[in-house]
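Undergrad: Listed below, chain by chain, are the residues.
2 protein chains.
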Amino acid sequence: MKVETLRWFNNRLEMIDQRILPAAFEYLSYYTASSVAEGIRSMVVRGAPAIGVAAAYGVALEALHLQEKSADEFKTGMETGFTVLAASRPTAVNLFWALQRMRKVWESVAMQTPQQIAQRLLAEAHEILAEDIRINRAMGTYGAALLKDGARVLTHCNAGALATAGWGTALGVFRSAVEAGKKISVIADETRPFLQGARLTAWEMVQENIPVTLITDNMAGYMMAQGEVDAVVVGTDRVAANGDVANKIGTYMVAVLARRHNIPFYVACPLSTIDMNIASGADIPIEERSVDEVKGFRDYHWAAEGVKIRNPAFDVTPAELVSGLITERGVVLLPDAQSIRQLMLG
Amino acid sequence: MKVETLRWFNNRLEMIDQRILPAAFEYLSYYTASSVAEGIRSMVVRGAPAIGVAAAYGVALEALHLQEKSADEFKTGMETGFTVLAASRPTAVNLFWALQRMRKVWESVAMQTPQQIAQRLLAEAHEILAEDIRINRAMGTYGAALLKDGARVLTHCNAGALATAGWGTALGVFRSAVEAGKKISVIADETRPFLQGARLTAWEMVQENIPVTLITDNMAGYMMAQGEVDAVVVGTDRVAANGDVANKIGTYMVAVLARRHNIPFYVACPLSTIDMNIASGADIPIEERSVDEVKGFRDYHWAAEGVKIRNPAFDVTPAELVSGLITERGVVLLPDAQSIRQLMLG
Numbered sequence: 000m001k002v003e004t005l006r007w008f009n010n011r012l013e014m015i016d017q018r019i020l021p022a023a024f025e026y027l028s029y030y031t032a033s034s035v036a037e038g039i040r041s042m043v044v045r046g047a048p049a050i051g052v053a054a055a056y057g058v059a060l061e062a063l064h065l066q067e068k069s070a071d072e073f074k075t076g077m078e079t080g081f082t083v084l085a086a087s088r089p090t091a092v093n094l095f096w097a098l099q100r101m102r103k104v105w106e107s108v109a110m111q112t113p114q115q116i117a118q119r120l121l122a123e124a125h126e127i128l129a130e131d132i133r134i135n136r137a138m139g140t141y142g143a144a145l146l147k148d149g150a151r152v153l154t155h156c157n158a159g160a161l162a163t164a165g166w167g168t169a170l171g172v173f174r175s176a177v178e179a180g181k182k183i184s185v186i187a188d189e190t191r192p193f194l195q196g197a198r199l200t201a202w203e204m205v206q207e208n209i210p211v212t213l214i215t216d217n218m219a220g221y222m223m224a225q226g227e228v229d230a231v232v233v234g235t236d237r238v239a240a241n242g243d244v245a246n247k248i249g250t251y252m253v254a255v256l257a258r259r260h261n262i263p264f265y266v267a268c269p270l271s272t273i274d275m276n277i278a279s280g281a282d283i284p285i286e287e288r289s290v291d292e293v294k295g296f297r298d299y300h301w302a303a304e305g306v307k308i309r310n311p312a313f314d315v316t317p318a319e320l321v322s323g324l325i326t327e328r329g330v331v332l333l334p335d336a337q338s339i340r341q342l343m344l345g
Numbered sequence: 000m001k002v003e004t005l006r007w008f009n010n011r012l013e014m015i016d017q018r019i020l021p022a023a024f025e026y027l028s029y030y031t032a033s034s035v036a037e038g039i040r041s042m043v044v045r046g047a048p049a050i051g052v053a054a055a056y057g058v059a060l061e062a063l064h065l066q067e068k069s070a071d072e073f074k075t076g077m078e079t080g081f082t083v084l085a086a087s088r089p090t091a092v093n094l095f096w097a098l099q100r101m102r103k104v105w106e107s108v109a110m111q112t113p114q115q116i117a118q119r120l121l122a123e124a125h126e127i128l129a130e131d132i133r134i135n136r137a138m139g140t141y142g143a144a145l146l147k148d149g150a151r152v153l154t155h156c157n158a159g160a161l162a163t164a165g166w167g168t169a170l171g172v173f174r175s176a177v178e179a180g181k182k183i184s185v186i187a188d189e190t191r192p193f194l195q196g197a198r199l200t201a202w203e204m205v206q207e208n209i210p211v212t213l214i215t216d217n218m219a220g221y222m223m224a225q226g227e228v229d230a231v232v233v234g235t236d237r238v239a240a241n242g243d244v245a246n247k248i249g250t251y252m253v254a255v256l257a258r259r260h261n262i263p264f265y266v267a268c269p270l271s272t273i274d275m276n277i278a279s280g281a282d283i284p285i286e287e288r289s290v291d292e293v294k295g296f297r298d299y300h301w302a303a304e305g306v307k308i309r310n311p312a313f314d315v316t317p318a319e320l321v322s323g324l325i326t327e328r329g330v331v332l333l334p335d336a337q338s339i340r341q342l343m344l345g
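Same order as they appear, the protein sequences are chains A and B.
If you count by numbering that gives the first Met the number 0, then the first sequence holds residues 0 to 345, one letter each, in order.
If you count by numbering that gives the first Met the number 0, then the second sequence holds residues 0 to 345, one letter each, in order.
Bound conformation, chain A alone (with noise of 0.2 Å):
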């Protein structure tokens, strides 16, 4: 089964409900930019590099619905699309590059007409969604090398197809090792408290009859102890310049522990995920989720009432616990400010 996290279908978008999955697989229309920031905020769709396409086709999407609209009220349509989908997730960068590229592609073609800027954007998306793909095949092929034969890949979250337009960052490296004729086999975080693990990411591997064992976040160190990890692989949200890694609240633990264990622990990590603004994980905005997340799952509520509750949605794990970053243009071992700043410069 191919995984297409969003889709353009008659003229909307349409991105899997990743609330429901596994229960329920149902796609979901998006007409405006901001029902797409919403579906981003709700995480219908998550994921950095998803997050990325959805953003660009919700500026396309918001340019289709004010085509005819007169070139001010279009621009300022327009205007507060960008900051409505700016405002709904703050520490996934792909999102902020997407909206930057589009606006460049609006900037360049401003002096057309509304209806002639808004294919302009369409086909921008379009080639966003393509080239997420073509970059996840990339990364997969340089981050299958790193795996050896019937290597037990821990992973955390969902770095796959789900999380991009297809493919998969993380997943994309299980995918590419797979088709590589290597027999390779999974170890899911669950993932608390969104269950990207549980739900997603074990999803996507019995889908791919790649072999896949589930365990609750706190499990990992024990697998590692007992011997039965020989590499990680996450996907992440945004890198600074320094090659500290912003990713899926989880990852640092992981990541510690890993070292403990002389385990690699490699970063899935497009260029676009790439920050050169930020010289260090201290300055990545972390977001902070509604404490609803944590007192169970849906609506289905455990936690004692009256506790206090946090929910930070991410973690930032140093540069030096990074064996290797793995992009589109090969793989930066050991990353730093000096060898991200070469891979930047191509």
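Among the clues, some could well be false.
In this list, chains with the same sequence are indistinguishable; a pair is considered to hold if it fits within one copy or across any two.
Claimed, not checked - Distance condition first, Cα-Cα at most 35 Å in a straight line; then the derived DSBU-like pairs of lysine-lysine: (1) K307 / K181; (2) K182 / K103; (3) K181 / K103; (4) K74 / K181; (5) K147 / K1; (6) K147 / K182; (7) K307 / K74; (8) K68 / K182; (9) K307 / K1; (10) K307 / K147.
These are computed hints drawn from the structure, not numbers from a lab.
Keep in mind the model is a prediction, meaning the values are calculated, not measured.
Based on the hints, put chain B in the right spot on chain A.
TA: Structure of chain B alone, referenced to chain A:
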């Protein structure tokens, strides 16, 4: 509210059903060894010291149940009761410690009538319960001295009144610190899959008006990196002769993170939890529980169909990561085989 985890009432054992806390507060009644064993296995009662007390009452209940039988039938029935109780859960050594203590009492009065033996065993179970609370109080006093005023203390799982006959081991330290006039606050890991932190520790601390913040297990590293944790105190199910500590799955992860951040990691550990027959943690049996627990919570399952699942219920923290064992005889800093031998010699 005084939490009576286990109580003797109308010639039967009553135990709070910890599977349904905090949504409901209910006592279940027990009349035989096999029903107590099932209560332990299914985690109506859990926590190493509470399991030990429950097992002692299980032996006494079986004796009362069989006291009208012939001496031979009584003996055979009692042996079956011991066997069933010993098979209920493998990791917590307090279970075996309590059974051995009850057996010695039985042997010391073996020549008496079944009725007399039953009364003697019941008195011993009462004494084990009362002792457990006295021991927790003593540990609390020693442990509280380790915490500075204002300390923010992280704990994993529930080593509270609900894990003992009352007061608690790790949470007993917090209660004693508050009683001594210290302002402390608690950070509770939710502790998947059984959620003892979210359901039991949070509930106990809210009852006591001790400030408590709930996090998912994978947030512990983030909190430490933010400088929001001053100390860790956990309980234990079995400590090996060299100081290696078996405790709820995820404890090892917390210990590794604490070491990285130079945060002291203390284990509240009654002497009955130290197993001098086991040289190191590698020899402690680790229970693997039903995979259904990891599929979701209670009957609400969210994991993808077809995924393989692991469910080790405990892990081992090597002694080198333990800053101190808090016992009823005082604190053993940086425990090792020699200091533990000295401790046990009194």
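Undergrad: Now, for every hint given, state plainly whether the structure supports it.
TA: Evaluated hints:
In this assembly of identical chains, K307 and K181 lie within 35 Å of each other by CA distance solely across copies; the values are 20 Å between and 47 Å within a copy. In this assembly of identical chains, the alpha carbons of K182 and K103 never lie at most 35 Å apart, being 44 Å within a copy and 55 Å across copies at closest. For a Cα distance limit of 35 Å, the shortest separation of K181 from K103 qualifies neither inside one copy, at 42 Å, nor across copies, at 59 Å. Taking identical chains as interchangeable, the C-alpha atoms of K74 and K181 are never at most 35 Å apart, the minima being 52 Å within one chain and 60 Å between chains.
Taking the closest pair of Cα atoms, K147 and K1 come within 35 Å of each other only inside a single copy of the chain (26 Å); across copies the shortest separation is 57 Å, beyond that limit. Taking the closest pair of Cα atoms, K147 and K182 come within 35 Å of each other only inside a single copy of the chain (9 Å); across copies the shortest separation is 52 Å, beyond that limit. Taking CA atoms no more than 35 Å apart as the test, K307 paired with K74 passes in neither setting, with 44 Å inside one copy and 52 Å between copies. For the identical chains of this complex, K68 and K182 are neighbours neither inside a copy (56 Å) nor across copies (62 Å), given an alpha-carbon limit of 35 Å.
For the identical chains of this complex, K307 and K1 are inter-copy neighbours only, at 22 Å across copies versus 42 Å inside a copy, given an alpha-carbon limit of 35 Å. With identical chains, the CA atoms of K307 and K147 are at most 35 Å apart between copies only, with a shortest distance of 22 Å across copies and 45 Å within one.
Of the numbered hints stated above, those contradicted by the structure are hints 2, 3, 4, 7, 8, listed in ascending order.
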